[in-house]
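**Q** Listed below are the residues making up each chain.
There are 2 protein chains.
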Amino acid sequence: MGLVQLEEQSWKTLRLCRLHQFQRVSKLFTTLKTLDHFNYKPESYATFQQRYVLNFQHWGGANATAPILVYLGAESPLGGDLSGIGFLHDNAAPFKALCVYIEHRYYGKSIPFRSRKEAFKNASTLGYFNSAQAIADYADIIMHIKKKLHAMSSPVIVIGGSYGGMLASWFRLKYPHVALGALASSAPILYFNNITPSGAYYSIVSKDFREASETCYQTIRKSWSEIDKIASKHHGLSTLSKKFKTCEPLTSSSEFKNYLDTMYTGAAQYDRPPSYPVNEVCRGIDGSKKQDILSKIFDGVVAYYGNRTCYLNQPTSDSETDQGWRWQTCSEMVMPIGVGENTMFQPDPFDLDSFIKNCKGYYGVPARPHWITSYYGGQDIKLILQRFGSNIIFSNGLRDPYSSGGVLENLSDSILAVSTVKGSHCLDIQPKRETDPEWLVEQRKTVVKIIKGWMAKYYADLKAFKRQ
Amino acid sequence: MGLVQLEEQSWKTLRLCRLHQFQRVSKLFTTLKTLDHFNYKPESYATFQQRYVLNFQHWGGANATAPILVYLGAESPLGGDLSGIGFLHDNAAPFKALCVYIEHRYYGKSIPFRSRKEAFKNASTLGYFNSAQAIADYADIIMHIKKKLHAMSSPVIVIGGSYGGMLASWFRLKYPHVALGALASSAPILYFNNITPSGAYYSIVSKDFREASETCYQTIRKSWSEIDKIASKHHGLSTLSKKFKTCEPLTSSSEFKNYLDTMYTGAAQYDRPPSYPVNEVCRGIDGSKKQDILSKIFDGVVAYYGNRTCYLNQPTSDSETDQGWRWQTCSEMVMPIGVGENTMFQPDPFDLDSFIKNCKGYYGVPARPHWITSYYGGQDIKLILQRFGSNIIFSNGLRDPYSSGGVLENLSDSILAVSTVKGSHCLDIQPKRETDPEWLVEQRKTVVKIIKGWMAKYYADLKAFKRQ
Chain A
1 MGLVQLEEQS WKTLRLCRLH QFQRVSKLFT TLKTLDHFNY KPESYATFQQ RYVLNFQHWG
61 GANATAPILV YLGAESPLGG DLSGIGFLHD NAAPFKALCV YIEHRYYGKS IPFRSRKEAF
121 KNASTLGYFN SAQAIADYAD IIMHIKKKLH AMSSPVIVIG GSYGGMLASW FRLKYPHVAL
181 GALASSAPIL YFNNITPSGA YYSIVSKDFR EASETCYQTI RKSWSEIDKI ASKHHGLSTL
241 SKKFKTCEPL TSSSEFKNYL DTMYTGAAQY DRPPSYPVNE VCRGIDGSKK QDILSKIFDG
301 VVAYYGNRTC YLNQPTSDSE TDQGWRWQTC SEMVMPIGVG ENTMFQPDPF DLDSFIKNCK
361 GYYGVPARPH WITSYYGGQD IKLILQRFGS NIIFSNGLRD PYSSGGVLEN LSDSILAVST
421 VKGSHCLDIQ PKRETDPEWL VEQRKTVVKI IKGWMAKYYA DLKAFKRQ
Chain B
1 MGLVQLEEQS WKTLRLCRLH QFQRVSKLFT TLKTLDHFNY KPESYATFQQ RYVLNFQHWG
61 GANATAPILV YLGAESPLGG DLSGIGFLHD NAAPFKALCV YIEHRYYGKS IPFRSRKEAF
121 KNASTLGYFN SAQAIADYAD IIMHIKKKLH AMSSPVIVIG GSYGGMLASW FRLKYPHVAL
181 GALASSAPIL YFNNITPSGA YYSIVSKDFR EASETCYQTI RKSWSEIDKI ASKHHGLSTL
241 SKKFKTCEPL TSSSEFKNYL DTMYTGAAQY DRPPSYPVNE VCRGIDGSKK QDILSKIFDG
301 VVAYYGNRTC YLNQPTSDSE TDQGWRWQTC SEMVMPIGVG ENTMFQPDPF DLDSFIKNCK
361 GYYGVPARPH WITSYYGGQD IKLILQRFGS NIIFSNGLRD PYSSGGVLEN LSDSILAVST
421 VKGSHCLDIQ PKRETDPEWL VEQRKTVVKI IKGWMAKYYA DLKAFKRQ
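Chains as they are written, first to last, in the UniProt record's numbering: chain A, 1 to 468; chain B, 1 to 468.
If you are wondering where the hints come from, they were derived from the structure by calculation, not from laboratory data.
Heads up, a few of these hints could be off.
To spell it out: a stretch of chain A is covered by chain B in this simulated footprint if at least three of its residues, at any positions, have a beta carbon under 8 angstroms from a beta carbon of chain B; those stretches are [to be verified]: (1) 122-131; (2) 135-144; (3) 387-396.
Straight-line alpha carbon distances no greater than 25 angstroms define the calculated SDA-like cross-link-like pairs of lysine to any residue that follow [as the list claims (entries may be wrong)]: (4) B:41 / A:319; (5) A:41 / B:108; (6) B:109 / B:329; (7) A:463 / B:194; (8) A:207 / A:194; (9) A:41 / B:326; (10) B:121 / A:125; (11) A:121 / B:41; (12) B:41 / A:122; (13) A:357 / B:41; (14) A:148 / B:369; (15) A:457 / B:413; (16) A:146 / B:379; (17) B:146 / A:368.
With beta-carbon atoms standing in for the labels, derived distance ranges [unchecked claim]: (18) A:115 / B:262: 48 to 58 angstroms; (19) B:362 / A:63: 43 to 53 angstroms; (20) B:463 / A:49: 50 to 60 angstroms; (21) A:432 / B:60: 48 to 58 angstroms; (22) A:115 / B:45: 22 to 32 angstroms.
Even glycine gets a Cβ: it sits at the ideal position worked out from N, Cα and C.
Between the sequences and the hints, there should be enough to build the whole structure, so can you do that?
**A** So, in structure tokens, the structure goes:
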């Protein structure tokens, strides 16, 4: 329970919007991290402050070799994750676990080059911003914490969702000496280098809508040509702007279609209980009193966003996630997501060449679209991992379009898939709610049971090991 | 059997001093490799020509998914390895294997920055010279070869000795999707970060001599104070120079002692049949007609080096290995080898601080002595790897002082130690000889049997996998 003040660390009470007991005893630390772990040029030795949070409330302590649950930050500042990552909070007490949350380099307060502006200036400063460097940071920080707490034998479980879930699974594969196991929630590690068909993401979005309502699906499917028809008319964009109460006048039909695309994919990706956004959109569309397709679509928009003064294109500034992820996808995390035939969307195949060209135009350096599978694998993953590695859970909700790039079958006795038919993106690691359906409660129980099994084996191994 | 001409590759017949049938069908290739795999700065995209050699003589071909044996180059130019690495040559026929030899970056012809001079200029050009970059090169090249030969399903076994043996074991751990297994010969992966006691290396050298001859061991043990006594006298160094017929006048007693140290450690490290250099040295010392200790030592020197016009300090220029390995040990490969108490040497503890200081003085950047164990592990290796990873053979000869930092017990069912009591450094992967003793023949048979077992499992897995 006691707070441990780590030497040579600056820390201050973490301020969060909604402090509750758990968060009140979270402490914020920063540590100096090396800019480039894989290079020995003088400038590689530059350091930056990396932020992490420790919560000791439920920890059983180093003497008990009580476990450490580590959330691996993803493409956003840490602040939001602490409240959103329920898995750590909800399991700290039963596991008697120390909870650690580490921020990903180039997000939040973990910015090299003294300022965001400098860090994001160009490829020369962004070049250090990639997954291999990030998980090397995590390895260093976890070892640092374990040493400082004299908890070298405490088992570590790393947890992440989406991109962070990829990092978690890759972390276990690359640093098995640092983490005993990984929970990789909604991690589309196979959505690279054409292992997963390019159109899989949009196929699932469409399937989600079709399963919710055939008429809704058909209405959306027919809407695109309606939009094209109106947009091509004189004052067509103005007509669409008025019809959809857009916040700003539309400047192109593709802009407009992108906004709708974002709504549909967002609804499908986060199609979670109790509200189930896909159902909400479809209730709006199917329940519309209007007869024409675009009026129905607009009623779907209103059903999804609620009553607003305007819709779809309210001006927002680029978020940290927008900025950071743009670089990451343009350099290393090239996920070739396109729209194939037979969906509710207009076909829009992914064009790698033009993607690379655009990225090069933007950042001046070409993407490396094959690197992820070179470094982490993915091709024939079962053939490879059925006899290599251990202790990874790939959890997925099959309504999440990213689940198409996830691991959906057990690869071995301890590299396991835990999927739910009705689940959505990262749902299982979000905080428990009263309204959680039984299948979600069961999924989480399964995950916890598996991790407890890993730990039981580890403690037995440790005992045998120390007797030697 | 046919030679395959890879597209977009320049190749020419490899010229070796002693061409025999195997080498005559070796072909030399080069491929452009990225300078920095873990960074996206513009200069990281610079490329360099990396050299590798393919030998198709015995290959069963891609259609038969016949295996590929890959020698991972270490701290020397490739040329010497091809004749020295018998394991590939001797096993190509029984395995029907394609043999691949890849040169390590910054050695031989695989030099970034257009010239050795430029590449070795300072830490800014040397910074890319490290093990993580090297094994990423290897992963890229192996995948490139497999793609070009349409041999994606051919199992790959990586083989290396000493530093190259470390690379082989680390390669299997980091790139299991590229190599099915690794043979790591005499790989002291535990000689980092004080996992292995600092004095272990010299303890084994001493043990080797003591086992060869107690009187020899005692003579050497007593010789150092004799040297100090004479060296401290007026004209003492001149006396020693004459007594030992040194090629150049000695400039210090420590210089002289270093030469003897090099001879003893070299004899122990490579104490191989049929001559067994430790025995040779001791035969010289024990069989000496002289009574004084240093005359006996000189007879040991003559026995080891043979009749020469002068001994010990003939002027030689820094070899590529000297230059390259100096950087590698001063940046990443910090192996804290010192001399403890109770050996035949004078105690000389390893002083990490002064080592780092010297390296910093030389290259301008500090070493990272903890990085190897951060990235590759090593601490509590059995606890970690008994449930993670597979298919690594750590072969060692226990007379090799580096075996003290090797893996000498099985870590799991397929991470195995194959040691011989009488073996020496990298002996098992050297070419077979008529004079090989039975224990060496058996060691190699054991290694081959294990690898055949991995392959049998893999082919069964592949068959099941393709049926799915």
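**Q** Given the proposed pairing of residue 457 of chain A with residue 413 of chain B, does the C-alpha separation stay at or below 25 angstroms?
**A** 17 angstroms, holds
**Q** Verify the coverage statement for the segment 122-131 of chain A against chain B, using a C-beta to C-beta distance below 8 angstroms and requiring 3 or more qualifying residues.
**A** holds (count 7)
**Q** Quick check: does the Cβ-Cβ distance between residue 432 of chain A and residue 60 of chain B fall within 48 to 58 angstroms?
**A** Given range 48 to 58 angstroms: holds, Cβ gap about 56 angstroms.
**Q** Given the hint that residue 121 of chain A pairs with residue 41 of chain B, test it: the Cα-Cα distance must not exceed 25 angstroms.
**A** 12 angstroms, holds
**Q** Are residue 146 of chain A and residue 379 of chain B close enough, with their CA atoms no more than 25 angstroms apart?
**A** 14 angstroms, holds
**Q** Does residue 319 of chain A sit within 25 angstroms of residue 41 of chain B, going by the straight-line distance between their CA atoms?
**A** 23 angstroms, holds
**Q** Please verify whether residue 121 of chain B and residue 125 of chain A have alpha carbons no more than 25 angstroms apart.
**A** The given pair, whose Cα atoms are some 24 angstroms apart, holds under the 25 angstroms limit.
**Q** For the pair supplied as a hint, residue 463 of chain A and residue 194 of chain B, confirm whether the alpha-carbon distance does not exceed 25 angstroms.
**A** Distance ~23 angstroms between residue 463 of chain A and residue 194 of chain B Cα, so the pair holds.
**Q** For the pair supplied as a hint, residue 41 of chain A and residue 108 of chain B, is the alpha-carbon distance within the 25 angstroms limit?
**A** It holds: about 22 angstroms lies between the C-alpha atoms, which stays within 25 angstroms.
**Q** Residue 41 of chain A and residue 326 of chain B were given as a pair; does the straight-line alpha-carbon distance stay at or below 25 angstroms?
**A** Judged against 25 angstroms, a Cα distance of about 16 angstroms means the pair holds.
**Q** Is the hinted pair residue 146 of chain B and residue 368 of chain A satisfied, with a Cα-Cα distance of at most 25 angstroms?
**A** Roughly 19 angstroms between the alpha carbons, so the hint for residue 146 of chain B and residue 368 of chain A holds.
**Q** Can the restraint linking residue 109 of chain B and residue 329 of chain B be considered satisfied, given a maximum Cα separation of 25 angstroms?
**A** With Cα atoms ~21 angstroms apart, residue 109 of chain B and residue 329 of chain B stay inside 25 angstroms; holds.
Comparing the model with each numbered hint stated earlier shows that all of them hold.
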